[in-house]
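S.K.: What follows is the residue order along each chain.
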Amino acid sequence: MNKKRRLLLLKGLVWLLGLAPLAWLIWRGFTDRLGANPIEQVLHRLGDTALILLLVTLSITPVRRLTGWTSLAPLRRPVGLFAFFYLTMHFLWYAVVDQTLDMEFIIEDIMERPYILVGFTAWLLLIPLAITSTRGWIRRLKKNWQRIHRLVYVATSLGALHFYWQVKLDTYWPIVAATVLAVLMLLRIRWSRQSRPGSPAD
Amino acid sequence: MLIRKPNDIPSSEITPERVYINRRQFIGKSAGIALGGAAGSGLIGGAIAGGLVGRPGRAMAQTPGQRDWSAVRTERDEELTPFEDVTSYNNFYEFGTQKEDPARNAHTLQPRPWSIEVGGMCANPGVYGLEEFVQPGKMEDRIYRMRCVEAWSMVIPWYGFALKDVIDRAEPLGSARYVEFKTLVDPVQMPGQRSRVLDWPYVEGLRLDEARHPLAILATGVYGQDLPNQNGAPIRLVVPWKYGFKGIKSIVSMTFTEQPPYNSWQRAISSEYGFYANVNPEVNHPRWSQARERRLGEFNRRETLLFNGYVDQVAGLYAGMDLRVYY
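These protein sequences, in sequence, are chains B and P.
Position 65 (the first sequence) corresponds to 65 in the numbering used here; numbering is contiguous.
Position 186 (the second sequence) corresponds to 1186 in the numbering used here; numbering is contiguous.
Quick caveat, the hints were computed from the structure, so don't treat them as lab data.
Don't take every hint at face value.
Stated by the list, open to error - With a straight-line cut-off of 20 Å between C-alpha atoms, the simulated SDA-like cross-links for lysine to any residue are:
| id | chain 1 | residue 1 | chain 2 | residue 2 |
| --- | --- | --- | --- | --- |
| 1 | B | Lys168 | P | Leu1130 |
| 2 | P | Lys1099 | B | Ile39 |
| 3 | B | Lys168 | P | Pro1136 |
| 4 | P | Lys1099 | B | Pro38 |
| 5 | B | Lys168 | P | Gln1066 |
| 6 | B | Lys168 | P | Thr1257 |
| 7 | P | Lys1099 | B | Trp191 |
| 8 | P | Lys1099 | B | Arg45 |
| 9 | P | Lys1099 | B | Ser59 |
| 10 | P | Lys1099 | B | Asp170 |
| 11 | P | Lys1099 | B | Leu75 |
| 12 | B | Lys168 | P | Gln1225 |
| 13 | B | Lys168 | P | Val1283 |
| 14 | B | Lys168 | P | Asp1168 |
| 15 | P | Lys1099 | B | Gln41 |
| 16 | P | Lys1099 | B | Trp173 |
| 17 | P | Lys1099 | B | Trp165 |
| 18 | B | Lys168 | P | Val1149 |
| 19 | B | Lys168 | P | Asp1101 |
| 20 | B | Lys168 | P | Tyr1262 |
| 21 | P | Lys1099 | B | Leu43 |
| 22 | B | Lys168 | P | Gly1274 |
| 23 | B | Lys168 | P | Ser1289 |
| 24 | B | Lys168 | P | His1285 |
| 25 | B | Lys168 | P | His1107 |
| 26 | B | Lys168 | P | Tyr1318 |
| 27 | B | Lys168 | P | Pro1113 |
| 28 | B | Lys168 | P | Val1311 |
Let's have the full structure, built from the sequences with the hints guiding it.
M.R.: Structure (structure tokens):
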């Protein structure tokens, strides 16, 4: 019972924190405090939030292993889905608001601008992951589920690259994001080697 | 004549009345000149093209409230970008790399007293106090489009004078082909310079014929008042047919050279930023399109215009040049 309550509390916290960036944007929007270029501001904040939440999703298991807080495990799904939600909003904001659904330009952007192509690919990769995040799909896919869901590392790497290529010159935050991701990946590789000595990391 | 004079600006306002000099601020002593005079002095092509609203003889220390700017339009009938946006959304890496950083951090800049060193290949070098430096300048409002290389744009009512006015005084030698400008270096006044994000000082330059073009100005004000620090106080370059980064801010030196200046953004990423940096919708940035732009305050993107809409005035400067090579 105590464990159940703690899980409920943690999940409530995830929802609160997950919705906070959206609430912040809406509040800034209604109080006209999104700056001189609100369309760009919203686009960038949605993208930042998606990448941060992807990194948070990936750090849940390492934190659980390092601290022994097993109750964190069930948070991976809601945090991951919030990340996907912000990434989807980021893409829709780009396509619908920033480019006003001008398909000619959107297609040109995706085909000809590498940073947009990698960002778009990251979003595409996460769609099947979001769909198969339910208990039913975990059961149906069995061992394959874990394999498929490792794509989240590929998607997050592409997201960090998208961020890096997008900035004009000041790459400080993209490098911070890439470093965090690299540490998380190294931890996972190390642990997977330890659990199966001799087998290649996958 | 093509002069565009918004109907609701009373003619008294574009007639020279008298020269107001506010010595506590600063003003070019020869600030007053009739629009007709400007026309006669060869400024006309550019001034007209730029949608100049001639209001000579006005003191610099004027607040936006003192004139109804709402009716002012460019020669293409574009509205001005609000003062608040012009002064809160800036690229001025000396104060941080985010758009809102300069407005937040530039209070440490001391734009008075200020001096500017004129040197290099010229007959008349020297170090000038600001008032002295702008003295040959014929002060006027210039309504210009400003197109950033990042694909956003504004319409800004600058207050300043033709760059040519101070070039002529310096008397560049026949062998001088370029003019180079530098920004102040002082990490105390400009905290962004503590980071090596760019190689300080910020350097920009123009070919001398570009610099002498009547559209190229040095601005000391915006919206009829002194430049706020974040916009490049106390004096900055404005070259409206080029991307905004050519408009070097807080200038401390002007040097005539034979070789093209190695401008800061070219030095930072030469595959993406060149010396010319002319606005050109056909030549994309390697990472993004330059075909369209977001005019701040507008929802739909606009088509970007060749030379930012000043093609009739400046295309001659680049006759025979491959603009894909000289980007």
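S.K.: Next, verify each hint and record whether it holds.
M.R.: Status of the hints after comparison with the structure:
no., hint, result
1, Lys168(B) x Leu1130(P), "violated, 33 Å"
2, Lys1099(P) x Ile39(B), "holds, 14 Å"
3, Lys168(B) x Pro1136(P), "violated, 38 Å"
4, Lys1099(P) x Pro38(B), "holds, 12 Å"
5, Lys168(B) x Gln1066(P), "violated, 38 Å"
6, Lys168(B) x Thr1257(P), "violated, 29 Å"
7, Lys1099(P) x Trp191(B), "violated, 42 Å"
8, Lys1099(P) x Arg45(B), "holds, 14 Å"
9, Lys1099(P) x Ser59(B), "violated, 31 Å"
10, Lys1099(P) x Asp170(B), "holds, 12 Å"
11, Lys1099(P) x Leu75(B), "violated, 36 Å"
12, Lys168(B) x Gln1225(P), "violated, 31 Å"
13, Lys168(B) x Val1283(P), "holds, 17 Å"
14, Lys168(B) x Asp1168(P), "violated, 36 Å"
15, Lys1099(P) x Gln41(B), "holds, 10 Å"
16, Lys1099(P) x Trp173(B), "holds, 15 Å"
17, Lys1099(P) x Trp165(B), "holds, 18 Å"
18, Lys168(B) x Val1149(P), "holds, 10 Å"
19, Lys168(B) x Asp1101(P), "holds, 15 Å"
20, Lys168(B) x Tyr1262(P), "holds, 19 Å"
21, Lys1099(P) x Leu43(B), "holds, 15 Å"
22, Lys168(B) x Gly1274(P), "holds, 15 Å"
23, Lys168(B) x Ser1289(P), "holds, 14 Å"
24, Lys168(B) x His1285(P), "holds, 11 Å"
25, Lys168(B) x His1107(P), "violated, 25 Å"
26, Lys168(B) x Tyr1318(P), "violated, 27 Å"
27, Lys168(B) x Pro1113(P), "violated, 33 Å"
28, Lys168(B) x Val1311(P), "violated, 27 Å"
When each numbered hint is compared with the structure, violations occur for hints 1, 3, 5, 6, 7, 9, 11, 12, 14, 25, 26, 27, 28.
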